[in-house]
Amino acid sequence: MAILELMQINLLSPMVLAFGLGIIATLVHSDLKLPDELYTTLSIYLLLAIGLKGGIALAQTSLAAFWAPALATLLLGLIIPLVAYAIARRIGKLSVADAAALAAHYGSVSAVTFAAAQTFLDTIGIRYEGFMPALVAILEVPAIVIALLIAQMAGGQQGGDWREAVRELLTSKSILLLVGGMVIGWLAGPRGGKEVAPLFVDLFKGALTFFLLELGMVAARRFRDLPTAGLFLLGFAIIMPIINGILGVWFGHLAGLSLGGSTILGVLAASASYIAAPAAVRIALPQANPGFYLTAALGITFPFNLALGLPLYYTLATWITGGA
Amino acid sequence: MAILELMQINLLSPMVLAFGLGIIATLVHSDLKLPDELYTTLSIYLLLAIGLKGGIALAQTSLAAFWAPALATLLLGLIIPLVAYAIARRIGKLSVADAAALAAHYGSVSAVTFAAAQTFLDTIGIRYEGFMPALVAILEVPAIVIALLIAQMAGGQQGGDWREAVRELLTSKSILLLVGGMVIGWLAGPRGGKEVAPLFVDLFKGALTFFLLELGMVAARRFRDLPTAGLFLLGFAIIMPIINGILGVWFGHLAGLSLGGSTILGVLAASASYIAAPAAVRIALPQANPGFYLTAALGITFPFNLALGLPLYYTLATWITGGA
Amino acid sequence: MAILELMQINLLSPMVLAFGLGIIATLVHSDLKLPDELYTTLSIYLLLAIGLKGGIALAQTSLAAFWAPALATLLLGLIIPLVAYAIARRIGKLSVADAAALAAHYGSVSAVTFAAAQTFLDTIGIRYEGFMPALVAILEVPAIVIALLIAQMAGGQQGGDWREAVRELLTSKSILLLVGGMVIGWLAGPRGGKEVAPLFVDLFKGALTFFLLELGMVAARRFRDLPTAGLFLLGFAIIMPIINGILGVWFGHLAGLSLGGSTILGVLAASASYIAAPAAVRIALPQANPGFYLTAALGITFPFNLALGLPLYYTLATWITGGA
Amino acid sequence: MELTTVKLVTIIAEAVLEERLLHDLRQLGARGYTVGAVRGEGTRGVHASEWEGKSLRIETLVAPDVAERILQHLAATYFPHFAVIAYMADVQVVRGEKFRGKQ
Amino acid sequence: MELTTVKLVTIIAEAVLEERLLHDLRQLGARGYTVGAVRGEGTRGVHASEWEGKSLRIETLVAPDVAERILQHLAATYFPHFAVIAYMADVQVVRGEKFRGKQ
Amino acid sequence: MELTTVKLVTIIAEAVLEERLLHDLRQLGARGYTVGAVRGEGTRGVHASEWEGKSLRIETLVAPDVAERILQHLAATYFPHFAVIAYMADVQVVRGEKFRGKQ
Ligand SMILES: Nc1ncnc2c1ncn2[C@@H]1O[C@H](COP(=O)(O)O)[C@@H](O)[C@H]1O
Ligand SMILES: Nc1ncnc2c1ncn2[C@@H]1O[C@H](COP(=O)(O)O)[C@@H](O)[C@H]1O
Ligand SMILES: Nc1ncnc2c1ncn2[C@@H]1O[C@H](COP(=O)(O)O)[C@@H](O)[C@H]1O
Ligand code: NA
Ligand code: NA
Ligand code: NA
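Residue numbers (this note's numbering), protein chains in the order written: chain E, 248 to 571; chain Y, 248 to 571; chain L, 248 to 571; chain F, 317 to 419; chain R, 317 to 419; chain G, 317 to 419.
Just so you know, not all the hints are guaranteed correct.
[As the list claims (entries may be wrong)] Derived lysine to aspartate or glutamate pairs resembling DMTMM-like cross-links, with alpha carbons at most 20 Å apart:
{"id": "1", "chain 1": "R", "residue 1": "Lys414", "chain 2": "R", "residue 2": "Glu357"}
{"id": "2", "chain 1": "F", "residue 1": "Lys370", "chain 2": "E", "residue 2": "Asp283"}
{"id": "3", "chain 1": "G", "residue 1": "Lys370", "chain 2": "Y", "residue 2": "Asp283"}
{"id": "4", "chain 1": "R", "residue 1": "Lys414", "chain 2": "G", "residue 2": "Glu334"}
{"id": "5", "chain 1": "R", "residue 1": "Lys414", "chain 2": "R", "residue 2": "Glu318"}
{"id": "6", "chain 1": "R", "residue 1": "Lys370", "chain 2": "L", "residue 2": "Asp283"}
{"id": "7", "chain 1": "G", "residue 1": "Lys370", "chain 2": "G", "residue 2": "Glu357"}
{"id": "8", "chain 1": "Y", "residue 1": "Lys441", "chain 2": "E", "residue 2": "Asp449"}
{"id": "9", "chain 1": "E", "residue 1": "Lys441", "chain 2": "L", "residue 2": "Asp449"}
{"id": "10", "chain 1": "F", "residue 1": "Lys414", "chain 2": "F", "residue 2": "Asp381"}
{"id": "11", "chain 1": "F", "residue 1": "Lys370", "chain 2": "F", "residue 2": "Glu334"}
{"id": "12", "chain 1": "G", "residue 1": "Lys414", "chain 2": "G", "residue 2": "Glu375"}
{"id": "13", "chain 1": "E", "residue 1": "Lys280", "chain 2": "Y", "residue 2": "Asp449"}
{"id": "14", "chain 1": "Y", "residue 1": "Lys280", "chain 2": "E", "residue 2": "Asp283"}
None of these hints come from the bench; they were simulated from the model.
All values reported here derive from a predicted model rather than from experimental measurement.
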């Protein structure tokens with residue numbers, strides 16, 4: 248399929264349209280407001296469902312093919328924050344704390360972008376490896392730790408507590424639910440999985456749509472900070488994901504992933520964390536400006552990846568992998 | 248089917264029974280209490296689901312047949328508040344503000360009553376036009392604006408801000424979700440719709456049942472104000488919907504709607520708003536007594552329509568349309 | 248099947264694994280926290296769904312076979328609190344209030360344990376009578392009343408109000424939803440039931456899994472009180488359910504229940520209430536130590552029954568009923 | 317603008333007590349109340365509310381004598397066995413009669 | 317440590333008023349606010365918020381003159397038709413200028 | 317009835333700080349606390365809590381010296397980089413020793 252057709256399929260999917268509706272709701276100052284508890288519930292559900300499905304798939308997969316992609320993912324988690332930090336410091340002239348904060352966000356990963364990528368590939372009928380959720384878990388933490396270490400070494404940390412931040416990272420709800428869900432899925436296997444499939448599989452796309460409605464509203468609230476963010480941040484939040492996406496697809500291909508798997512690793516690399524990273528950065532780098540990293544990750548990169556990135560990284564993957 | 252049989256089918260549906268259970272829970276002072284956030288979540292879900300289903304249906308329908316019913320609905324939105332206001336002032340001797348408040352509520356529409364009507368027709372196997380949710384959106388706002396204008400002209404508005412109220416109406420969550428859902432459904436079409444159907448279609452009746460449990464509790468809390476409401480309000484809250492229901496069925500028939508479609512337009516006309524109207528009236532007509540309009544709309548008319556109105560308007564529609 | 252195989256099936260079910268994940272989340276001090284509103288919503292959903300399914304089953308069952316199991320259940324509700332109280336006073340040397348509080352909890356019943364038992368039997372393909380939810384309702388209240396009466400007579404009640412507690416018990420949300428759901432299911436019958444089945448039947452196991460995640464976290468928070476609870480409580484919380492489980496299976500067999508039905512009555516007898524009983528005891532016996540009865544019921548007995556009790560009582564039932 | 321000083325009594329209590337506390341407040345002369353949901357920890361160990369939802373934070377504006385009566389009643393009735401604390405402070409309101417009048 | 321006394325104004329109001337109240341507070345000189353969700357009962361009967369979610373509990377730390385202006389404005393604008401009450405009290409803060417400075 | 321005056325310290329803080337603040341309070345001598353969920357706006361711009369759930373409203377009843385120590389500690393540790401405000405006031409309680417005793 249041509250990229251324009253892919254774009255159209257993606258933009259007209261219920262989940263992207265719901266995200267758009269959320270943006271509109273905020274722009275017209277609607278009184279629509281999803282309860283915080285619904286947001287929390289949906290995010291717990293999505294993480295657990297991603298993990299469960301991955302675990303069930305793992306139970307049916309040979310793990311021989313797993314080590315190379317796992318290593319590739321780990322490497323991405325080390326390289327991306329270094330690149331992102333260097334760009335933010337050199338080109339963006341940001342403070343150590345702000346640059347490290349951006350590095351943490353862009354090195355880590357957004358589980359919802361991952362879910363959207365799965366849904367997109369399902370829609371266009373492209374298969375991918377069952378162990379991809381394990382890669383989400385692998386990519387989530389290292390980049391954040393690297394970024395905090397950079398800040399520590401560069402002296403950008405005052406008042407923060409990076410050990411505490413790392414401890415909280417490893418027990419954070421996204422890791423716990425993702426890894427926990429995978430273990431449950433793996434142990435319960437297809438039979439146990441079938442019992443909970445009506446909730447965790449059948450409803451997944453609908454729940455994602457609902458969640459994106461809320462995320463559209465959250466992202467749009469970030470828009471009002473765009474004017475003060477400056478041109479560098481705008482460029483960074485669009486070009487960085489593209490660079491990372493190419494890196495991810497390429498590493499995935501080298502590690503033997505399929506077309507679908509390479510696309511997803513590209514999406515993972517391109518995505519910016521907005522759950523684990525903000526919490527960790529707030530604790531370890533309190534002097535970094537949240538208006539900065541949240542606006543970039545949630546206000547620019549997330550909508551970009553969701554609307555344009557998915558078909559883009561897939562198209563890149565067809566080129567790089569030769570369509571295999 | 249005879250009306251008694253229809254009544255029985257309706258009264259023994261899970262949704263009406265759940266409403267009854269909610270009433271009982273309140274009357275026996277049970278500690279059952281649904282979280283506010285669940286109520287909010289369910290109402291967002293129902294509005295979005297109604298819109299989505301309507302939009303998907305629209306995508307498959309010719310719009311040629313749409314303009315006449317749309318016009319008929321708009322006319323209902325102009326006529327009903329005038330009639331309701333006149334009755335409330337002349338016969339009920341209510342103050343300008345209270346009469347205008349009632350006019351706003353009975354001219355507008357209850358989305359849940361609409362959903363119950365769809366479910367009822369589905370159960371007895373009667374088909375209706377796919378664009379009915381669009382009529383819900385068309386009927387929701389005009390009557391409220393008319394009623395506020397009447398109050399403005401009759402000098403019943405003090406301290407209120409009707410311009411503000413109208414602006415908030417147009418961006419209110421019910422309009423946004425209904426219209427937004429329709430646009431999403433229309434753009435995503437049947438293919439996109441199928442992806443989210445397990446959440447937005449399959450669960451609809453169950454969610455409606457859950458919601459009616461809560462609404463039964465809310466309605467029953469209004470019962471304690473019945474003694475102070477007076478005979479006029481009791482009569483108004485039962486006779487006004489019947490008049491409006493006949494008007495709605497008749498207009499629907501004239502506009503070329505099917506038996507099912509005419510029934511639903513009758514139900515829409517008969518129903519009284521309890522989401523959009525109370526919020527707008529509270530802002531624009533603060534001196535109107537909420538104990539009055541909420542008791543009428545939620546404590547009397549809603550239960551009446553749900554339990555007896557649905558089969559009644561359907562039977563009326565078989566007479567008026569000649570069963571076609 | 249051998250008991251070890253049954254244990255394995257049970258321990259590897261998604262619901263037991265989710266409970267384990269909840270325990271781990273608390274032990275590693277994860278920031279995972281399910282919203283209170285989700286907990287409330289799920290518990291309302293589960294009670295209503297249990298009732299509904301039971302009611303629909305009742306509508307298709309002859310009630311001739313019902314009176315004997317009902318009577319047996321009522322007898323269990325009278326005997327168990329007396330036994331539990333005597334053990335707690337004589338052997339445990341507990342105060343009147345603490346002993347009566349334990350008697351109330353172990354005489355009453357845990358609806359979630361019941362749901363887990365149903366799910367377990369479904370998984371291993373054992374059928375049970377449709378009216379079992381009615382037995383849950385029958386077993387819930389009497390034991391609590393008996394226990395409060397014992398405390399009243401033994402002078403253990405100071406400042407409490409047992410009449411108030413009993414009134415609140417009879418209108419408590421668990422009774423209301425269970426009995427209300429059964430009446431709805433019975434009146435609506437299989438046709439009405441089919442309409443709401445996607446929510447109340449298909450999603451049941453998934454919702455139970457989600458709920459057990461939360462309950463694992465709650466139970467684990469009770470663990471920190473274990474050291475202060477003492478050896479007696481630990482023994483009581485494991486041996487009492489086994490005694491009660493044997494009694495329940497035996498009574499069920501005598502009353503003519505099937506293998507599955509006897510297993511479930513055993514589970515009901517073995518389970519300890521943690522919704523109705525704590526609320527009633529807190530009001531009627533405020534001087535009883537909640538750290539005591541909550542730790543026993545929720546921190547020890549519930550995990551024990553969920554992980555080991557289900558296959559145990561089933562195995563006992565195969566012996567006692569001769570596998571019929 | 318004429319300001320009057322009334323007493324603001326704040327009560328933190330476990331949720332099971334809601335109906336009884338509000339009933340007591342009305343009996344003792346309070347003409348209104350506001351309730352919020354909180355959680356907390358004190359010197360007592362576990363309380364029943366810990367796992368069954370939130371605790372209550374009840375505020376009521378009353379005349380000084382009513383405030384004293386409320387504190388006294390709470391101390392006598394609920395402090396021994398329930399997780400309840402209460403405190404009061406002076407606050408200024410515009411229309412004092414709304415809060416101080418007899419019911 | 318240097319402590320300054322500022323006024324804490326607390327407003328209980330039905331939820332439909334949120335946007336307008338916060339707008340008014342800013343206009344009258346408040347430089348921040350904190351909002352919680354509550355429910356309650358007073359002398360008025362039903363209010364619209366009763367069935368449509370919670371009421372608001374708004375707190376704002378302001379200079380004494382701003383506090384008086386706020387109470388006066390609320391009494392004039394909202395007390396007649398809306399379920400609104402408000403009260404103020406003295407509190408001590410560490411850095412007074414944050415709350416008292418002009419906007 | 318014997319009334320004692322103690323200090324009520326109220327802290328509004330972003331949610332990520334919960335564990336640390338409660339730990340600090342206990343260290344500084346508080347023997348209990350009550351936490352509610354709020355949202356708000358101040359002079360600082362965005363804070364992380366804005367999109368990730370609510371902020372905290374922490375109340376603790378303590379002896380005057382403990383109150384001062386708490387305010388001082390918060391001002392030094394959290395005011396520079398975090399969205400935190402705090403204030404204290406006098407309140408009367410029935411049994412003062414519950415709140416004032418050493419831990
Ligand atoms: N010193 C305190 N400051 C604020 N709230 C307290 C304090 N002590 C107790 N509380 C509250 O009162 C409840 C019961 O306290 P206790 O009876 O001491 O366990 C706790 O859950 C807290 O919400
Ligand atoms: N005496 C009072 N103490 C505390 N809150 C009150 C009091 N009176 C009224 N309120 C609150 O203000 C709201 C409106 O009160 P009212 O206008 O009297 O109906 C109520 O819902 C309560 O939340
Ligand atoms: N003047 C004020 N009155 C009440 N709450 C305030 C005030 N200023 C700040 N806050 C609260 O403190 C939080 C942090 O404020 P700031 O650090 O000024 O952004 C806000 O989100 C508000 O909840
Ligand atoms: Na990334
Ligand atoms: Na109408
Ligand atoms: Na039992």
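Right, here's what the structure says about each hint:
1. For the proposed pair R:Lys414 and R:Glu357, the alpha carbon gap of about 34 Å is over 20 Å, so the pair is violated.
2. Simply put, F:Lys370 and E:Asp283 have alpha-carbon atoms about 16 Å apart, close enough for the 20 Å limit, and the pair holds.
3. The straight-line distance between the Cα atoms of G:Lys370 and Y:Asp283 is roughly 16 Å, inside the 20 Å bound, and the hint therefore holds.
4. For the hint linking R:Lys414 to G:Glu334, the alpha-carbon distance of about 23 Å lies beyond 20 Å, and the restraint is violated.
5. At roughly 14 Å between alpha-carbon atoms, R:Lys414 and R:Glu318 fall within 20 Å of each other, so this suggested pair holds.
6. In summary, the hint linking R:Lys370 to L:Asp283 is supported, as the alpha carbons are separated by about 16 Å, within the 20 Å threshold.
7. A hinted pair counts as satisfied when its Cα atoms are at most 20 Å apart, and G:Lys370 with G:Glu357 qualifies at roughly 12 Å.
8. At roughly 11 Å between alpha-carbon atoms, Y:Lys441 and E:Asp449 fall within 20 Å of each other, so this suggested pair holds.
9. Restraint check for E:Lys441 and L:Asp449: satisfied, since their Cα atoms lie roughly 11 Å apart, inside the 20 Å limit.
10. For the given pair, F:Lys414 sits about 15 Å from F:Asp381 by alpha-carbon distance, which is consistent with the 20 Å threshold.
11. Between the alpha carbons of F:Lys370 and F:Glu334 the distance comes to roughly 11 Å, so the proposed pair stays at or under 20 Å and holds.
12. For the proposed pair G:Lys414 and G:Glu375, the alpha carbon gap of about 15 Å is at most 20 Å, so the pair holds.
13. The straight-line distance between the Cα atoms of E:Lys280 and Y:Asp449 is roughly 24 Å, outside the 20 Å bound, and the hint therefore fails.
14. In summary, the hint linking Y:Lys280 to E:Asp283 is supported, as the alpha carbons are separated by about 19 Å, within the 20 Å threshold.
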